[in-house]
Amino acid sequence: EVQLVESGGGLIQPGGSLRLSCAASGLTFTNYWMHWVRQAPGKGLVWVSRINSAGSITGYADSVKGRFTISRDNAKNTLYLQMKSLRAEDTAVYYCVREGTRVEFDYWGQGTLVTVSS
Amino acid sequence: QSALTQPASVSGSPGQSITISCTGTSSDVGAYNYVSWYQQHPGKAPQLMIYEVTNRPSGVSNRFSGSKSGNTASLTISGLQAEDEADYYCSSYTGRSTAVVFGGGTKLTVL
Chain A
970 EVQLVESGGG LIQPGGSLRL SCAASGLTFT NYWMHWVRQA PGKGLVWVSR
1020 INSAGSITGY ADSVKGRFTI SRDNAKNTLY LQMKSLRAED TAVYYCVREG
1070 TRVEFDYWGQ GTLVTVSS
Chain B
40 QSALTQPASV SGSPGQSITI SCTGTSSDVG AYNYVSWYQQ HPGKAPQLMI
90 YEVTNRPSGV SNRFSGSKSG NTASLTISGL QAEDEADYYC SSYTGRSTAV
140 VFGGGTKLTV L
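Chains A and B are the protein sequences, given in the same order. Position in the first sequence (from 1) plus 969 gives the number in the working numbering. Position in the second sequence (from 1) plus 39 gives the number in the working numbering.
Be careful, since some hints might not be right.
Rough simulated footprint, nothing fancy, chain B against chain A, three-plus residues with beta-carbon under 8 Å [as the list claims (entries may be wrong)]: (1) 1023–1034; (2) 1068–1079.
Covered stretches of chain B, as calculated for chain A (at least 3 residues, CB under 8 Å) [unchecked claim]: (3) 47–54; (4) 59–69; (5) 91–102; (6) 118–125.
Hints are computed from structural coordinates only; laboratory data are not their basis. Cβ coordinates follow ideal geometry from the N, Cα and C atoms, glycine included.
So here's chain A without its partners, still in its complex pose (with noise of 0.2 Å):
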């Protein structure tokens, strides 16, 4: 069984920094795009970030680029998201999603929380 689990999410004031974890299992980690996804309370989803299986090919919605960083560990099976310059419009549940075979996004963690407020 699929499982995604994201941690790291919390309250942290505005210009701060985060960092979100995504511990995946019952899946070859290395086989697969990765996406981060937020919803900001009481509104629609919102696709943040990608990488490719191997790490090299990153891509960013305009509203995060040049303050978030997407990366991956294949040796321990978890996607990251490097939050920094963090703004109270940062403030959603974030993510983790696997993308199959057909750009769909087939499996979601339960999402994290992130908190940006003074």
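For chain A, the structure is supplied; the task is to place chain B on it using the hints.
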């Protein structure tokens, strides 16, 4: 990258059929058949319902179907059931570095 356009809400009675539209552009929905649909119940993670416009993952009811015409994709749910009440989101591949764009979401109410 602008979000895909979905109606904010739709409703239907048990047993009826409803359709949710998802309108993009010739750079996303119109350009690729990588359109997916997700169901999200309150407090839960989204669940994949349709991928590649028309395909259902294993375990998803055949009451759910997808289609596309031009820049607009659609999700149809037939034989509405109370458990279908949820938020639904479409997504499309964009072919750009921003990769994927979601719709704003549609709240389905089963009357």
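Do the hints match the structure? See the list:
1. Judged by the Cβ-Cβ criterion of 8 Å, the stretch 1023–1034 of chain A is covered by chain B as claimed, because 4 of its residues qualify and three suffice.
2. Note: the stretch 1068–1079 of chain A has 9 residues with beta-carbon separation from chain B under 8 Å; the three-residue rule is met and the coverage holds.
3. For a cut-off of 8 Å, the count of residues in the stretch 47–54 of chain B with a CB near a CB of chain A stands at 0, and the three-residue condition is violated.
4. Remark: the stretch 59–69 of chain B is not confirmed as covered by chain A, as 0 of its residues place a Cβ nearer than 8 Å to a Cβ of that chain, below the required three.
5. Look at the stretch 91–102 of chain B against chain A: 3 of its residues bring a Cβ nearer than 8 Å to a Cβ of that chain, three or more, so the hint holds.
6. Look at the stretch 118–125 of chain B against chain A: 0 of its residues bring a Cβ nearer than 8 Å to a Cβ of that chain, fewer than three, so the hint is violated.
In summary, the numbered hints that this structure violates are 3, 4 and 6.
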